[in-house]
Amino acid sequence: MRKALVVLLVTVMVSAAAWAQKDVMLGPHNTNDAFGCQSCHTPHSAVLAGDGLYLWAVNQPSGTYTTYGGGTLTANLQSGVKPTDTQAHTVLCLSCHDSVFNTAMSQTPGSTGGPSVYSISSPIAVGSSGALKAGHSQMVTVNGGVVGAGNDLSANHPVHVLYPNGSALASTAYDQPTILKFWKAVKSGNTGMSFSDDGSIYSYGHSVRLFSTDGQNAYVECGSCHNPHAQTQTIVKVAGVNKAVTTAHFLRGQYTTAQDISGFCMSCHADKSAAWDGTGNQ
Amino acid sequence: MKKVTVIVLAILVMAVGALAQGVGQGPWTNSGKVGSGDHISHGCLLCHAPHTAGGNTVSYASPTTPTADNFGSDWGANPKPAKIYAANLGLQTGTAGSIYLWAVAMTPQTYTTWDGTQFSAAGVTKQNAVVHTLLCMTCHDNATGTHEMGAYNDHPTNNGLENPIENGGNGEAMGNSRYNYANGATWGGIAGQWGANSSIQRSHPVHAVYTGGGSMWKIDSNGNFLDANASKFAYGHPAKLWMENGKAYVECTTCHDPHRLQNTAFWNGTNYTISKTPNTIFYVRGPYTDPEGASANGNTNANFCRSCHFSKSQEYVTMGGVE
Numbered sequence: 001m002r003k004a005l006v007v008l009l010v011t012v013m014v015s016a017a018a019w020a021q022k023d024v025m026l027g028p029h030n031t032n033d034a035f036g037c038q039s040c041h042t043p044h045s046a047v048l049a050g051d052g053l054y055l056w057a058v059n060q061p062s063g064t065y066t067t068y069g070g071g072t073l074t075a076n077l078q079s080g081v082k083p084t085d086t087q088a089h090t091v092l093c094l095s096c097h098d099s100v101f102n103t104a105m106s107q108t109p110g111s112t113g114g115p116s117v118y119s120i121s122s123p124i125a126v127g128s129s130g131a132l133k134a135g136h137s138q139m140v141t142v143n144g145g146v147v148g149a150g151n152d153l154s155a156n157h158p159v160h161v162l163y164p165n166g167s168a169l170a171s172t173a174y175d176q177p178t179i180l181k182f183w184k185a186v187k188s189g190n191t192g193m194s195f196s197d198d199g200s201i202y203s204y205g206h207s208v209r210l211f212s213t214d215g216q217n218a219y220v221e222c223g224s225c226h227n228p229h230a231q232t233q234t235i236v237k238v239a240g241v242n243k244a245v246t247t248a249h250f251l252r253g254q255y256t257t258a259q260d261i262s263g264f265c266m267s268c269h270a271d272k273s274a275a276w277d278g279t280g281n282q
Numbered sequence: 001m002k003k004v005t006v007i008v009l010a011i012l013v014m015a016v017g018a019l020a021q022g023v024g025q026g027p028w029t030n031s032g033k034v035g036s037g038d039h040i041s042h043g044c045l046l047c048h049a050p051h052t053a054g055g056n057t058v059s060y061a062s063p064t065t066p067t068a069d070n071f072g073s074d075w076g077a078n079p080k081p082a083k084i085y086a087a088n089l090g091l092q093t094g095t096a097g098s099i100y101l102w103a104v105a106m107t108p109q110t111y112t113t114w115d116g117t118q119f120s121a122a123g124v125t126k127q128n129a130v131v132h133t134l135l136c137m138t139c140h141d142n143a144t145g146t147h148e149m150g151a152y153n154d155h156p157t158n159n160g161l162e163n164p165i166e167n168g169g170n171g172e173a174m175g176n177s178r179y180n181y182a183n184g185a186t187w188g189g190i191a192g193q194w195g196a197n198s199s200i201q202r203s204h205p206v207h208a209v210y211t212g213g214g215s216m217w218k219i220d221s222n223g224n225f226l227d228a229n230a231s232k233f234a235y236g237h238p239a240k241l242w243m244e245n246g247k248a249y250v251e252c253t254t255c256h257d258p259h260r261l262q263n264t265a266f267w268n269g270t271n272y273t274i275s276k277t278p279n280t281i282f283y284v285r286g287p288y289t290d291p292e293g294a295s296a297n298g299n300t301n302a303n304f305c306r307s308c309h310f311s312k313s314q315e316y317v318t319m320g321g322v323e
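Chains as they are written, first to last, in my numbering: chain A, 1 to 282; chain B, 1 to 323.
Just so you know, these hints were derived from the structure itself, not from any lab.
Every residue, glycine too, gets a C-beta built ideally from N, C-alpha and C.
No more than 20 angstroms apart at the CA atoms, straight line, and that leaves these computed lysine to aspartate or glutamate pairs for EDC-like:
hint, chain 1, residue 1, chain 2, residue 2
1, A, K184, A, D277
2, A, K82, B, D115
3, A, K184, A, D271
4, A, K237, B, E323
If you want the ones that stay clear, here's a sample from chain A, every Cβ over 12 angstroms from chain B, calculated:
hint, residue
5, V100
6, G150
7, A168
8, A173
9, Y174
10, I179
11, V186
12, N190
13, D214
14, G215
15, H249
16, T257
Let's have the full structure, built from the sequences with the hints guiding it.
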C-alpha cells in the first residue's frame, strides 16, 4: 500500500517537474526559464522595426555613453533605419544590462515582481544563495551593473572602438607600436572582417567576432566577446577545423581553466601570447 | 478497504492528469476561435466560402451588424445557407474563389516587410507563395483588415485571444511582446499595430527566401527539411515552407497553421504525427508554451525558433557548426 502511494506521488511530482525547464544554451537569457527566445526577441510588434535591429523586444537606451579611455558611444537606434555602424551589437545588450536604464535589472534576482535576471557583474559576484562571493565586491559596487552614473561605461573593457589593425581608420586611431600588438584582421566576404590566422599560428583560435560595415575597419562591441545565445558551449576554429568547447558567461572562446581564460584574451591581444612575432602580420 | 482507496486515488490522479491534458475536447477546439465565442456558428466559413457567384465581393463592416451581403444571418445564430460569395480579392478578373475559396475581402495594399521587401496582391494566383501571407492579412492587417484582427489583449490579463474591440479590450497589436510582471513592471515591447502604412517591419520576415545550410537547417528541393525525421534535432522541424519557382519561402503560415490552435501536426519524412493533446498555442506549428502560464517551458519555446535557426541550437555546437 505504502509502496503504491509512493509510486503515485513520485509520478505526480515528476510530471509537474517536466514543465519548467532551464535551457542549456540560453541560461539566464531564458527569462524565468519560460520565455526562450522571447526574452529578447519577438516575432511580432518588435520595439525596433526593420533589418539590422533583430526584432528586438526590449526598450533600448538612447544618449551618449562614455567608454574606456575617454571614447564615446551614442546610442541612437531607430525603427525602420538600418544602423550604418556597428553599435547595435552593444546598445541592444544595454537595453537590459544598463541597470540604470532598465530598473527591472537592478532588482534582486528572483525577487517578487522582477524577472530573474542579473546585471552583468552579478553572475560572477553573487552565488546561488544571493551572498556576495569573496573578492567580487568591487564589481558589484559599480552601480550593480556595467554602467555607472551618467552613462559611464569606462570601467569596462572598451566597446564600440576600432580594433587596432593596419587598415584605413585604425592606422590613424592608433600608433604603429599599438597596432603591431594585435592579431591581424582582414576582409571577410563583402563587408565583414575576421582574423587572418585560422588558428594555425595561435592554436587557441580566434573566436572573437569583429564587426565591420565596410570590410576595412573592424569594431569591438559587446557581441565581440559574448554570444548571447550560448552560455556554456561554443565553437572555436583551430587550424581551420571547428571544435566544440566549454565556456562560461556567454563567451565566444573556450573559458574553463586559467590557461583558457588567458588564451581568450590573448586571441586578440597577441603581444601577451607566446605565439606573437611582433610584426603585426600574423 | 485499502485496496479500494488505492484504486480511487489512482483514478483521481489519472482524471486530473487527463483534464490537464485536455482529453475529450470537441472537434472545433483545434481551430480555436472558430469553435467558440461569437463565431461558433460559422466554423470554416470564417475564412472560406463553398460557393461563388463569380467575382462578387464579400465585405462586412462589423460582425455585430451583418448586412444582406454577408452570411445572411444573425451573427452568432445559426447561419442560413443562403448566398455566400467567395471574395474577389481585387486580383485578376475571374479568379474569385480560386484562392482557397477565400471569403474575406481585402483592400489592396503594398506591404513592406522586415528587410524592406515589398509585395502586394497584384497579379497574385494560388501558385504564388505570398498568398500564404496575403490571405492572413485580410483579417490580421490592423489597418485594413475587415475585423481589426491585428489586435488582441496583452498578457496576462486574459491570455489575449479575443478580439479586443469586440470584447472591450484595449486594441493592442497582435503578438504584443510585452509581459507584465506582478509589480507592474513591463518587460519591453510596444503597444500598437503591425505598423503604419502597411508596414510589417516589426514582424518576423515573411515572403523571404529560406536558404538552407550555414546558420539554417538544410532543406531539399521541395522545401522539406533534410532532418524531417528529427534524428539530429529531436524537437523536429514543424515549419512549412512554400515553394515557388524552385525557391522556398517563409510566409505567415510557415510558422502558423490557421486550422490548428493548440494541437500540432508534424511531417516526419514519412507521414504526419498529430498531437492528440494540446501542445501549442497561437496556432504555432510546433510545440509552444505560454511563457506566463503554469506550463511555461523556455526550452520548448526556444526550440521552435531553433527548428529553423540551426546556429542557435545546442546541436549546432555539438555538430561543430555543420549539419
